[in-house]
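Visitor: Build the full structure now, drawing on both the sequences and the hints.
Going by this note's numbering, the sequence shown opens with residue -1, and the numbers climb by one from there.
One or more of the hints may lead you astray.
Claimed, not checked - Computed list of lysine to any residue pairs in SDA-like fashion (alpha-carbon distance at most 20 Å, straight line):
1. Lys57 <-> Ala24
2. Lys57 <-> His35
3. Lys119 <-> Leu141
4. Lys57 <-> Asp75
5. Lys50 <-> Glu40
6. Lys147 <-> Asn127
7. Lys147 <-> Leu157
8. Lys53 <-> Ile4
9. Lys57 <-> Tyr93
10. Lys57 <-> Asn83
11. Lys29 <-> Pro43
12. Lys119 <-> Tyr93
13. Lys57 <-> Leu45
14. Lys1 <-> Phe49
15. Lys57 <-> Ile4
16. Lys147 <-> Phe134
17. Lys53 <-> Arg17
18. Lys147 <-> Glu137
19. Lys29 <-> Glu13
20. Lys29 <-> Phe49
21. Lys29 <-> Glu69
22. Lys29 <-> Asn8
23. Lys1 <-> Ala36
24. Lys1 <-> Asp39
25. Lys1 <-> Pro38
26. Lys119 <-> Val85
27. Lys29 <-> Met46
28. Lys57 <-> Phe78
29. Lys50 <-> Ala68
30. Lys53 <-> Thr18
31. Lys57 <-> Met46
Honestly, the hints are just simulated from the structure, not real lab data.
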Amino acid sequence: MEKEFINYCNHLLGESLLRTKEDFIALSSAKLLQLAHALPDELLPFLMGVFKESKGGDKLFVKLMGSHDAENRFLVDSFFERYMNLVLEDELLEYNPLVIYLDSQLFTDLALVQTRESFFKRQTISCINEFLQLHFNLEEDFLPGEEQKAWNFFFSQLLSL
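Guide: And the structure:
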């Protein structure tokens, strides 16, 4: 199967650059991203498997994630969005970072919670409202631009615990 996959990748690239899975390392970031973009969704997990099994596979992930020019930004975003949609369950794709990273067990440590202020205010207002509703029965949603007001509400609720 590996040989067929490599042949298919060469076909997509339009040239015979690959003979073994280790040859993926020699591809430029742009070529690697073009290949990942051209692959059908069903083959993306196989591509990741080749990366994991090859020597220097970690370098391939770096090429996909950060070793690229600004003009390749679309290809990077497209690849990771496609891959995430394949491997993650739907409920994990739409999670609220505040619910995950600001667990209610932390609420008694005000100093620690205070260090999370900028993280809190960087979230979308819908995430903030959902989080406040979950923990404090928020009666009226905050509007976009009211992140500071939402933070003040949150922290005042913690002070009253």
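Visitor: Regarding the pair Lys53 and Thr18, is the alpha-carbon distance no greater than 20 Å?
Guide: Judged against 20 Å, a Cα distance of about 11 Å means the pair holds.
Visitor: So if I understand the rule, the pair passes when the alpha-carbon distance is 20 Å or less; does Lys57 with Asp75 pass?
Guide: Measuring from Cα to Cα gives roughly 18 Å; hence the hint holds.
Visitor: Holds or violated: Lys1 with Phe49, Cα cutoff 20 Å?
Guide: holds (15 Å)
Visitor: Checking one constraint from the list: CA of Lys57 to CA of Met46, max 20 Å. Satisfied?
Guide: Holds - the C-alpha atoms of Met46 and Lys57 are around 12 Å apart, at most 20 Å.
Visitor: Checking one constraint from the list: CA of Lys57 to CA of Ala24, max 20 Å. Satisfied?
Guide: holds (10 Å)
Visitor: Given the hint that Lys29 pairs with Glu69, test it: the Cα-Cα distance must not exceed 20 Å.
Guide: This hinted pair holds, its Cα atoms lying about 13 Å apart.
Visitor: Are Lys57 and Asn83 close enough, with their CA atoms no more than 20 Å apart?
Guide: Violated, because 23 Å separates the two Cα atoms, which is more than 20 Å.
Visitor: What's the verdict on Lys29 and Phe49, does the C-alpha distance respect the 20 Å limit or exceed it?
Guide: It holds: about 15 Å lies between the C-alpha atoms, which stays within 20 Å.
Visitor: Quick one, are Lys29 and Met46 close enough, alpha carbons at most 20 Å?
Guide: holds (16 Å)
Visitor: Between Lys57 and Phe78, does the CA-CA distance stay at or below 20 Å?
Guide: Holds, at roughly 16 Å.
Visitor: Can the restraint linking Lys147 and Asn127 be considered satisfied, given a maximum Cα separation of 20 Å?
Guide: holds (11 Å)
Visitor: For the pair supplied as a hint, Lys147 and Leu157, confirm whether the alpha-carbon distance does not exceed 20 Å.
Guide: holds (15 Å)
The structure is inconsistent with the numbered hints 9, 10, 26 and 29, although it conforms to all the rest.
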